[in-house]
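**Student:** Below are the chains, spelled out letter by letter.
Number of protein chains: 2
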Amino acid sequence: MTYCVATLLDTGMVFLSDSRTNAGVDQINTFRKMHVFEHPGDRVLVLQTAGNLAVSQAVVHTLQEDAAHVDRRSLYSVETMFDAAELVGDALRAVYRRDAEAFKDHGIEFNATFLLGGQISGEEPRLFNVYSAGNFIEASIDTPYFQIGESKYGKPIIDRVITRSSSIAEATKCALISMDSTIRSNLSVGLPLDLLCLKRDALRVLAHRSIAADDDYFRMIRGGWGESLRHAFHALPNPML
Amino acid sequence: MTYCVATLLDTGMVFLSDSRTNAGVDQINTFRKMHVFEHPGDRVLVLQTAGNLAVSQAVVHTLQEDAAHVDRRSLYSVETMFDAAELVGDALRAVYRRDAEAFKDHGIEFNATFLLGGQISGEEPRLFNVYSAGNFIEASIDTPYFQIGESKYGKPIIDRVITRSSSIAEATKCALISMDSTIRSNLSVGLPLDLLCLKRDALRVLAHRSIAADDDYFRMIRGGWGESLRHAFHALPNPML
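Chains F and Y are the protein sequences, given in the same order. According to our numbering, the first sequence holds residues 1 to 241 in order. According to our numbering, the second sequence holds residues 1001 to 1241 in order.
Calculated from the structure, these hints are not laboratory results. One thing to keep in mind: the hints can contain errors.
[What the hints assert, rightly or not] Cβ-Cβ distance ranges computed for the label pairs, FRET-style:
{"hint": "1", "chain 1": "F", "residue 1": "Ala235", "chain 2": "Y", "residue 2": "Leu1241", "range": "23 to 33 Å"}
{"hint": "2", "chain 1": "F", "residue 1": "Asp71", "chain 2": "Y", "residue 2": "Ala1102", "range": "54 to 64 Å"}
{"hint": "3", "chain 1": "F", "residue 1": "Arg93", "chain 2": "Y", "residue 2": "Glu1101", "range": "35 to 45 Å"}
{"hint": "4", "chain 1": "F", "residue 1": "Ala133", "chain 2": "Y", "residue 2": "Thr1143", "range": "32 to 42 Å"}
{"hint": "5", "chain 1": "F", "residue 1": "Gly107", "chain 2": "Y", "residue 2": "Thr1143", "range": "28 to 38 Å"}
{"hint": "6", "chain 1": "F", "residue 1": "His61", "chain 2": "Y", "residue 2": "His1231", "range": "41 to 51 Å"}
{"hint": "7", "chain 1": "F", "residue 1": "Gly223", "chain 2": "Y", "residue 2": "Glu1227", "range": "14 to 24 Å"}
{"hint": "8", "chain 1": "Y", "residue 1": "Val1036", "chain 2": "F", "residue 2": "Ile108", "range": "37 to 47 Å"}
{"hint": "9", "chain 1": "Y", "residue 1": "Asp1214", "chain 2": "F", "residue 2": "Thr143", "range": "48 to 58 Å"}
{"hint": "10", "chain 1": "Y", "residue 1": "Lys1104", "chain 2": "F", "residue 2": "Ala235", "range": "44 to 54 Å"}
{"hint": "11", "chain 1": "Y", "residue 1": "Gly1107", "chain 2": "F", "residue 2": "Thr143", "range": "30 to 40 Å"}
{"hint": "12", "chain 1": "F", "residue 1": "Ile108", "chain 2": "Y", "residue 2": "Glu1101", "range": "43 to 53 Å"}
[To be verified] As a list, the in silico SDA-like pairs of lysine to any residue whose alpha-carbon atoms are at most 25 Å apart:
{"hint": "13", "chain 1": "F", "residue 1": "Lys199", "chain 2": "Y", "residue 2": "Phe1233"}
{"hint": "14", "chain 1": "Y", "residue 1": "Lys1199", "chain 2": "Y", "residue 2": "Asp1083"}
{"hint": "15", "chain 1": "Y", "residue 1": "Lys1104", "chain 2": "F", "residue 2": "Ile108"}
{"hint": "16", "chain 1": "Y", "residue 1": "Lys1199", "chain 2": "F", "residue 2": "Leu241"}
{"hint": "17", "chain 1": "Y", "residue 1": "Lys1104", "chain 2": "F", "residue 2": "Asn111"}
{"hint": "18", "chain 1": "F", "residue 1": "Lys104", "chain 2": "Y", "residue 2": "Phe1103"}
{"hint": "19", "chain 1": "Y", "residue 1": "Lys1199", "chain 2": "Y", "residue 2": "Thr1080"}
{"hint": "20", "chain 1": "Y", "residue 1": "Lys1104", "chain 2": "Y", "residue 2": "Ala1067"}
{"hint": "21", "chain 1": "Y", "residue 1": "Lys1199", "chain 2": "Y", "residue 2": "Ala1067"}
{"hint": "22", "chain 1": "Y", "residue 1": "Lys1104", "chain 2": "F", "residue 2": "Glu109"}
All C-beta atoms in this analysis are idealised placements derived from N, C-alpha and C, irrespective of residue type, glycine included.
Make a model of the complete structure from these sequences and hints.
**Tutor:** Listed below in C-alpha cells is the structure:
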C-alpha cells in the first residue's frame, strides 16, 4: 500500500508521499511515488501515485516519454492543469487498454490513482485526484486536500486543523503528523518520505526533501506529537461511570 | 458501515458501538449493535456486531433463542468464553449455510464480524474477534483491544494511549475520542452510541449508557479534544522550508 496527501492552500501547495510498496507483507520494497515536472518560471507539476506499481510506473513512463519530446503534447506543453489531468487520465487509459485483459486473466484488480497538483503560468495553483478509470475531480475551497492509498488513519488530524488559509509550514507539519499516524498503525506505509512544497506564483519548487528515519524534524514530530496527544488525552477529564 | 471497539484491561473491559447502518448513503438507519447476556454473579457477556445487518441480526436472534431455552447450550450455559466464541461462530456458520447461496445469486458479500467480550465465573475476562468464516482470535497482553467496522480513523489514538494497565475511565474516554474521530471523518458512522463497562470479577454490568448528541460528557469530548488537538498542533514548532 501507500499513503500520499496533497494540500492546496491560498499561499501554495504541500505534497507528501511515503515510499513503501508491498505485494503481501513478505515482499516490501521502496519506490518513490512522487514525480516532478518543472520548467522554472513557466510551470511546476507534481504527480503522486498509489495502487498497482506496474500500472503507475507505466503511466509515469508514458508521461515522461512524452515530456522528453518537444513535438508531443505533454505535461510541459499543455496550457492548463485541467489538460494536464486529462493527459494523466489518457495515459492511464492506454495502460488499461494494454493490460486489463491480462490482469483479468490473473485475477488482479486494475487499480491506480494519482494526485496531480501544481501551477501553470496564467493559472491559479490547482489540485486533481485522478481515478483508476481515468476520470478526475478537482480540489475546491471546501476540500483543500486529497489523499490516495491508506488514507483513513491520517484523515482526522487534517480534517481538524487544515483550511485553505493555513500556511505552507502548517500544512507541512500536518502532513507529517498525518503520515506518522498512518505509519504507526499500518505496516504497509513506511519511510523514507518525499516532501515537496510550492509557493503560489513562484512557478518553481520551493522545497523538495527526502525524509529518512534520521531526519531531525520528523523525529521531533514523531516524539512530540505522541507526547502532545498523551498529554492532551490525560488533560481531558475522565468520565463518571 | 459501523464502528465498534472493545478494550480488555487489567481492571475490566470497555465496549463502545455506534448505531448507524447504511445501504448506500441514501438509506441510513439506526440499529443497536451491542447485545448483553448477563447473569449477575455468574457471567456477563457483550456481543458487538458489524457487517451485513441481516446476517448479524440472524446470528443474534439464534443466540437469544438458545439463551431463552434452559435446556439448550447457550451463552448462559457454556463454561468458558472460548466456548461462547465458538457458539457465536457456529451460529454464524448456520446463517451462512442458509443464506450464502442466495447472497451469491444477488452478488452480495457474506460479511459479518463480531466482538465478544466478558467474563464467566472461574475465568479471567476475555475478548474475542469472530470473523465472517466463524473462526476467531483472542486479545492478548500485547493487543488489548479489537475493532470492527470502520476501524482505521479511530485507531491511531488508541495505539498511542491505551495499554492493559489503563483504567476503565481512561479506556472509556479513549473509546469516545476514537469514535468521535471516526464520526467526523466518515458519514456511515453515527450517533447514538452504546457504551458498556465491566469491572473485573464483578460479573455484572458496571455501566451501560446510551449516548446521544446531547450527552454532556460526549459533547465535552467532541469540543475539548478538537481544541486540544489544535492547541497541540500549533504548539509543535513549524518546519524550516
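**Student:** Indicate, hint by hint, whether the structure satisfies it.
**Tutor:** For each hint, the structure was consulted:
The given range of 23 to 33 Å is respected by alanine 235/F and leucine 1241/Y, whose C-beta atoms sit roughly 31 Å from each other. For aspartate 71/F paired with alanine 1102/Y, a C-beta distance near 59 Å keeps the hint of 54 to 64 Å intact. Between arginine 93/F and glutamate 1101/Y the beta carbons are some 37 Å apart, a value that agrees with the proposed interval 35 to 45 Å. A hinted range of 32 to 42 Å for the beta carbons of alanine 133/F and threonine 1143/Y is consistent with their spacing of about 38 Å.
The hint said 28 to 38 Å for the Cβ distance between glycine 107/F and threonine 1143/Y, and at roughly 31 Å that hint holds. The hint said 41 to 51 Å for the Cβ distance between histidine 61/F and histidine 1231/Y, and at roughly 46 Å that hint holds. Our hint of 14 to 24 Å for glycine 223/F and glutamate 1227/Y holds, since their Cβ atoms are close to 22 Å apart. Our hint of 37 to 47 Å for valine 1036/Y and isoleucine 108/F holds, since their Cβ atoms are close to 44 Å apart.
One distance hint, 48 to 58 Å for the beta-carbon pair aspartate 1214/Y and threonine 143/F, is violated here, with the actual separation near 30 Å. Take lysine 1104/Y and alanine 235/F: their Cβ atoms lie about 52 Å apart, and the range 44 to 54 Å holds. At about 32 Å, the CB distance of glycine 1107/Y to threonine 143/F agrees with the hint of 30 to 40 Å. Range check, isoleucine 108/F to glutamate 1101/Y: about 27 Å between beta-carbon atoms, so the 43 to 53 Å window is missed.
This hinted pair checks out: lysine 199/F and phenylalanine 1233/Y have alpha carbons roughly 22 Å apart, not beyond 25 Å. Simply put, lysine 1199/Y and aspartate 1083/Y have alpha-carbon atoms about 21 Å apart, close enough for the 25 Å limit, and the pair holds. Taking the CA atoms of lysine 1104/Y and isoleucine 108/F, the gap is about 21 Å. The hint holds against a cut of 25 Å. Proximity of lysine 1199/Y to leucine 241/F is assessed by CA-CA distance (about 11 Å); at most 25 Å being required, the pair is judged to hold.
Restraint check for lysine 1104/Y and asparagine 111/F: satisfied, since their Cα atoms lie roughly 24 Å apart, inside the 25 Å limit. The suggested pairing of lysine 104/F with phenylalanine 1103/Y holds, with an alpha-carbon distance near 23 Å, which does not exceed 25 Å. Taken as a hint, the lysine 1199/Y and threonine 1080/Y pair is honoured in the structure, with Cα atoms around 18 Å apart against an allowance of 25 Å. Note on lysine 1104/Y and alanine 1067/Y: the hinted pairing is violated, with a Cα-Cα distance of about 31 Å set against a maximum of 25 Å.
Among the hinted pairs, lysine 1199/Y with alanine 1067/Y is consistent with the structure: their alpha-carbon atoms are about 23 Å apart, no more than 25 Å. Restraint check: the Cα-Cα separation between lysine 1104/Y and glutamate 109/F comes to about 20 Å, which is no more than 25 Å; the hinted pair holds.
In summary, the numbered hints that this structure violates are 9, 12 and 20.
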